[in-house]
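Student: Residues per chain, in single letters:
2 protein chains.
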Amino acid sequence: MASKKQSINIGIVGLGIAGASMIPAIIAHPHVNLAAAATRNQERLDKFANDYHAKTYYTIDELCRDPEIDAVYIATPTELHTEHVRIAAEAKKHIIVEKPLAVSLEDAESMIELAEKNGVHLIVGHSHSFEPPIQKMKEIIDSGKLGRVLMIHNWYYNDWIYRPRTPEELKTDLGGGVTYRQGSHQFDIIRLLGGGEVRSIRAATAISDPERPTEGNHSVFLEFENGIAATAVYNGYDHFHTTELTFNIGEGGPLSNSGVYAQARRTIKATNSPQDEVALKVEAGYGGSRSKNYQEAEKHHPFFGLTIVSCEKGDIRQSPDGLIVYGEEEKYTVQIPMEETGRINVINEIYKAVIKGVKPIHDGRWARANLEVCIKAIQSSKERKELYLNYQVPVKEPVENNI
Amino acid sequence: MASKKQSINIGIVGLGIAGASMIPAIIAHPHVNLAAAATRNQERLDKFANDYHAKTYYTIDELCRDPEIDAVYIATPTELHTEHVRIAAEAKKHIIVEKPLAVSLEDAESMIELAEKNGVHLIVGHSHSFEPPIQKMKEIIDSGKLGRVLMIHNWYYNDWIYRPRTPEELKTDLGGGVTYRQGSHQFDIIRLLGGGEVRSIRAATAISDPERPTEGNHSVFLEFENGIAATAVYNGYDHFHTTELTFNIGEGGPLSNSGVYAQARRTIKATNSPQDEVALKVEAGYGGSRSKNYQEAEKHHPFFGLTIVSCEKGDIRQSPDGLIVYGEEEKYTVQIPMEETGRINVINEIYKAVIKGVKPIHDGRWARANLEVCIKAIQSSKERKELYLNYQVPVKEPVENNI
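Chains as they are written, first to last, in UniProt numbering: chain A, 1 to 403; chain B, 1 to 403.
Bound-form chain A, shown alone (with noise of 0.2 Å):
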């Protein structure tokens, strides 16, 4: 799938907070133009235009018909994905789309396919395993100096279940709670560096606050095909944040809310519907009065919770500016260049696809290992059993297919 041309137009569908926190990325790469974007928002749509010169569409049929557009970007709720996709596939457009891939496993079988069908690349992101600590420690596992990987363990408390929510992310059989949307980047995190083969899982997910009836906690065990063990733990009720453990250091860059406790469950106690609540979110999407200024360079990595990894000769984690390598003789840091972004290797995920023919990691097969992870550690719960997995795949090594 290799191509002469050398740069590629992408259009993004949706401006909510994840459509809106990947323009950076492609203004960013300098292959990668930022042509059109679609959402029925009028006031966003005019805002885009005008911040951008880039053409603008009600709905993903209209940008999918426009043949300067090589990939679309597909922001949109997850309930939607797999019709988005099918469009996008059928009009030969390359596709990202946003985690997660699906809720079921039929669902992002039939995105496979239609991708494969059409001959179009199908990207999953972003997801956490993009960020450049996690594949700065892939790399250095990879680099064979620290032996064999022995343990992946990642933990984070935070107040994910009390930040403003539309129902739908409150809802388990739609995809939401911290298990579908949280626990996918756990588990993407660790499929990387532990190869990618989760041979069998067990884990306890818990509901605890009746009026946000959803997966607010987990504790998870995965035990590899290769023998790594890992454990995933999460705790979105905002009591301890795992933020007290890495440097001060969120998933978002440096806390904006440090010294005030509980603030967002504060918040969302004191908010008197769902409408209010989804106004809320609305509001930290693009052009929003609590969007973030997503062009501002962030200070600091952001630290998907406490990420420790163990090998024979040494353990990883992160620091404020990279990683922290404890090894047999010394421990020293490894310094990460801010301007690498998580997004940014996303956008040269699907550069590289499409441009110079390198398979990329995140494809559809990548992400249903991932959702299937997150389905049996919610089975398991219930189960209260060891369940095995079906639909796991290697990480695949990036290789150029120069023709």
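The hints are all genuine.
Stretch by stretch, here's where chain B covers chain A in the computed footprint (C-beta under 8 Å, at least three residues):
1) 150-163
2) 377-388
These stretches of chain A come out as covered by chain B in the derived footprint (C-beta under 8 Å, 3 or more residues):
3) 191-202
4) 230-237
Don't read these hints as lab results, they were simulated from the structure. Bear in mind the structure is a predicted one, so any value in this text is a computation, not a measurement. Yeah, the Cβ is synthetic: ideal placement off N, Cα and C, and Gly gets one too.
Got chain A sorted already, so can you dock chain B onto it with the hints?
Tutor: Relative to chain A, chain B alone:
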């Protein structure tokens, strides 16, 4: 088993690190007397007689023939416990035996039976659930103010594998390695906080340094009958240390070797023979040149790694001076007096059992349940599957029997 006596006389058997470290606790208790010690090391006996004006014996048999002794603290190597418990029980002495009680469930069973047949208390300790911060966590859980417990996690990374060891401590069959020796503390903490009755376990243990061929790290998932989930993660290979996450405070209070990376591994790798290594360890026992001054007050309670308890309405972890409680409305600290220690709690448990008729929590059945978790952790790893437990017991409520 309540008595008209108001105090008890204790004799110590074995004056290694364990024996020496119990002395200050015995001395500190107002109703317990340090009455005697037994060891074959004449130098230690002389020093002991001189330091404490107490009686000395060469053997446990001689000590147990002393009618003034009410209870013995058996701090001999694990493989001698069965024989020493038999001697003490048949002499009708109450017993504290250093953990681990035994290496096999059969040996544990025989000791439990011997104690019961002879009408003496059998307490196993010191183990870390005796420590005041863990006891205080239990008190907060039992108060119900944080609601139901959801998850309990204990994660400990340190240099255990490279501290000076006797040969049996590095032989799994003899109860060596981190899963038997240190997992027993983790499971003891987790079981005390979770209610005691573990339903199932899934674990991965590993032997990662062929020069120290016993378990050096593990990842363990536990689920209790009551649905509480837990993980215990341990890495003893002297790379990353969890003291970095626990205010630089370790198991023995503040770190003494901070600043020197991988000091334990360097020292051991430079030691020529197992004999030299044992000599290093002996020097840390009673009267040795490397022995700690146990009389000196510790500035902090010990951190056995990072323990985080999540309840419906809050999380708990240790602070330098007690606990941090992350509640619904506020985060606050709970001070714990430094005069309280885990070993004083051990001595108090035997005192209350003998004088007040309070059934001890940490009895033979409790210790057998901890041992069962250790054994099943290693078995689960070998068989790569979840296993169910058969010898678990609930945490006893302390009730005074005022006859």
